[in-house]
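Student: So you can see what is in the structure, the chains are spelled out below.
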Amino acid sequence: MKTFALTQANDSAEAIATAAKSTTAQQGADIRFIGGGTTLIDLMKLNVETPKTLIDINRLPLDKIEALPDGGLTIGAVVRNSDLAHHPLVRKNYNVLSEAILSGASVQLRNMATTAGNLLQRTRCMYFRDTAMPCNKREPGSGCAAITGVNRSLAILGTSEHCIATNPSDMNVAMAALEAVIHVRGAKGERSIPISDFHVLPANTPQRETVLEPGDLITHVTLPPPAPGNRSLYLKLRDRASYEFALASAAVVITTANGKITRARIALGGVGTKPWRSTEAEDELTDQPATEGVFRKAADAALRGAKPQSQNGFKVELAKRCLVHALKLVTQPA
Amino acid sequence: MSLRVNGKKYDLRIDPRTTLLDCLREHLHLTGSKKGCDHGQCGACTVHISGRRVNSCLCFAAMHEGEEITTIEGIGQPGNLHPMQAAFVETDAYQCGYCTPGQIMSAVALSKEPCGQDDAEVKEFMSGNICRCGAYPNIVAAVQMVRQNAKQPKAG
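Chain order of the listed sequences is Y and P.
For the first sequence, the positions run 1 to 334 when our numbering is used.
For the second sequence, the positions run 1 to 156 when our numbering is used.
Everything labelled a hint here was simulated from the structure, so no lab data went into it.
Keep in mind that the hints are not guaranteed to be accurate.
What the hints assert, rightly or not - Calculated pairs, SDA-like style, for lysine to any residue (alpha carbon to alpha carbon, straight line, at most 25 Å):
| id | chain 1 | residue 1 | chain 2 | residue 2 |
| --- | --- | --- | --- | --- |
| 1 | Y | K92 | P | K35 |
| 2 | Y | K45 | P | Y98 |
| 3 | Y | K2 | P | Q41 |
| 4 | P | K123 | Y | V48 |
| 5 | P | K35 | Y | F245 |
| 6 | Y | K92 | P | P137 |
| 7 | P | K112 | P | P78 |
| 8 | P | K123 | Y | A241 |
| 9 | P | K9 | P | Q41 |
| 10 | P | K35 | Y | T131 |
| 11 | Y | K45 | P | L30 |
| 12 | Y | K64 | P | R132 |
| 13 | Y | K92 | Y | G71 |
| 14 | Y | K52 | P | I14 |
| 15 | Y | K45 | P | Q144 |
| 16 | Y | K21 | Y | V48 |
| 17 | P | K35 | Y | L237 |
| 18 | P | K35 | Y | D130 |
| 19 | Y | K45 | P | T18 |
| 20 | P | K35 | P | Y98 |
| 21 | Y | K2 | P | L12 |
| 22 | Y | K64 | P | K112 |
| 23 | P | K123 | Y | K64 |
| 24 | Y | K45 | P | I130 |
| 25 | Y | K21 | P | G116 |
| 26 | P | K35 | Y | K188 |
| 27 | Y | K188 | Y | P61 |
Only a predicted model underlies this, so the values are computations on that prediction, with no experimental measurement involved.
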């Protein structure tokens with residue numbers, strides 16, 4: 001691991017002013033905030049990330065989960081995944097988020113990992129993690145070893161000829177279906193970013209994963225009030241029963257009335273280069289009866305743009321079946 | 001800086017790169033916590049920070065000043081075993097033993113977590129601790145034995 005200076009942030013303004021001096025907030029940033037460290041320290045050990053300065057934000061007062069007057073929820077940046085997943089209001093109003101978080105990683109990692117950190121979780125693409133290999137995300141212009149290499153676990157949606165790395169987060173998929181808003185304080189003030197605009201597609205700059213700029217500190221995430229009468233769940237398919245990244249997953253938030261779907265929010269995981277909200281699937285479901293035929297049409301719509309690689313063609317059908325099964329489970333009578 | 005480990009305060013001068021695991025093992029000579037993968041994947045390094053289990057290989061020691069750190073050495077010793085340690089012995093929940101301190105630290109923490117009663121739940125909650133010898137069935141038995149005994153205190 002390369003040497004670095006570790007500083008403790010005592011207030012947000014000071015932390016932001018320091019981080020604003022970084023050349024980038026993306027891959028290779030020389031100044032980074034550190035929360036749980038579960039991704040960053042791992043990548044620093046691999047020399048994939050080599051920050052010169054770390055700003056420890058764990059003691060900033062960003063650790064609260066609170067109900068909002070409109071019925072929504074605000075989640076502080078350093079709220080641990082365990083605390084978020086088990087919070088009574090999350091369990092009651094945002095079941096899909098609780099299930100998604102608890103399906104990821106291990107208890108130890110969830111006790112460490114933060115909300116903001118999970119939004120910024122890095123891909124598990126083995127070529128990104130191996131500095132001996134080409135990778136456009138890690139080293140722009142070096143090429144993508146995955147496209148011609150081992151790509152079974154990689155993305156089929158949102159890819160480019162430069163990068164097919166999967167966004168590995170489960171939490172982000174639920175956050176996408178819940179239409180979470182990410183609140184950022186930066187050198188130029190505060191702004192609120194819908195999660196669908198927060199992560200960016202790799203295109204020809206896969207080193208850029210989010211819209212964050214140097215100095216931007218995620219302070220909290222808000223969830224809109226739960227849709228009245230909705231039911232939600234997260235279904236994750238993977239090679240092992242536990243402690244494994246998704247091959248395909250689905251976050252579904254559905255409201256039905258008299259056997260008809262009146263509102264649908266759909267996001268897929270394990271298949272996209274970013275948490276994959278599918279408005280195409282939502283459109284196929286809305287105002288339709290909750291039947292398997294309709295679910296299948298929605299799944300076909302969600303995967304219409306899929307571009308399989310040499311080893312992950314199975315993911316197209318797997319993701320469809322995952323979504324269909326999730327919709328069946330969430331609409332079956334209680 | 002200083003660290004509080006197993007109720008004792010240690011004054012230290014360390015490189016910021018020092019993980020909590022390396023600090024415990026190499027500086028404090030508390031070698032019970034093991035280094036398996038060193039990437040948060042195997043759980044052999046599991047310790048408790050402020051009562052919660054974490055992978056000490058993915059923590060920088062310098063970020064945990066003032067917090068109460070508990071290692072396998074802090075929960076029991078030969079002749080005065082923690083009930084979970086005794087249960088691991090009784091159910092033969094290990095073979096080579098390398099993952100065992102981490103397994104036990106997870107199992108002790110599990111008893112205070114919202115883990116359901118059945119074996120499947122225990123397996124899910126213990127999935128962050130890998131045992132390459134495959135002692136899993138007996139590990140589950142040890143965890144369940146301690147939980148069972150805690151639920152039904154022996155008469156007298």
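Student: If a hint holds in the structure, say so; if it doesn't, say that too.
Tutor: Outcome of the hint check:
1. K92/Y to K35/P: Violated, at about 39 Å.
2. K45/Y to Y98/P: With a Cα-Cα distance of about 22 Å, the restraint between K45/Y and Y98/P holds, given a limit of 25 Å.
3. K2/Y to Q41/P: holds, 22 Å
4. K123/P to V48/Y: Distance ~33 Å between K123/P and V48/Y Cα, so the pair is violated.
5. K35/P to F245/Y: holds, 23 Å
6. K92/Y to P137/P: This hinted pair is violated, its Cα atoms lying about 34 Å apart.
7. K112/P to P78/P: Holds. K112/P to P78/P sits at ~24 Å (cutoff 25 Å).
8. K123/P to A241/Y: holds, 10 Å
9. K9/P to Q41/P: violated, 29 Å
10. K35/P to T131/Y: Roughly 23 Å between the alpha carbons, so the hint for K35/P and T131/Y holds.
11. K45/Y to L30/P: Answer holds: K45/Y to L30/P is near 22 Å, not above 25 Å.
12. K64/Y to R132/P: violated, 39 Å
13. K92/Y to G71/Y: Distance of about 12 Å is within 25 Å: holds.
14. K52/Y to I14/P: holds, 17 Å
15. K45/Y to Q144/P: violated, 36 Å
16. K21/Y to V48/Y: Given pair K21/Y, V48/Y holds - Cα atoms ~21 Å apart, limit 25 Å.
17. K35/P to L237/Y: The given pair, whose Cα atoms are some 30 Å apart, is violated under the 25 Å limit.
18. K35/P to D130/Y: Holds, because 21 Å separates the two Cα atoms, which is no more than 25 Å.
19. K45/Y to T18/P: holds, 11 Å
20. K35/P to Y98/P: The hint holds at about 9 Å.
21. K2/Y to L12/P: Distance ~21 Å between K2/Y and L12/P Cα, so the pair holds.
22. K64/Y to K112/P: At roughly 21 Å apart (the allowed maximum being 25 Å), K112/P and K64/Y satisfy the hint.
23. K123/P to K64/Y: violated, 30 Å
24. K45/Y to I130/P: Holds: K45/Y and I130/P sit about 21 Å apart, inside 25 Å.
25. K21/Y to G116/P: violated, 48 Å
26. K35/P to K188/Y: This hinted pair is violated, its Cα atoms lying about 43 Å apart.
27. K188/Y to P61/Y: Within the cut-off at roughly 21 Å; holds.
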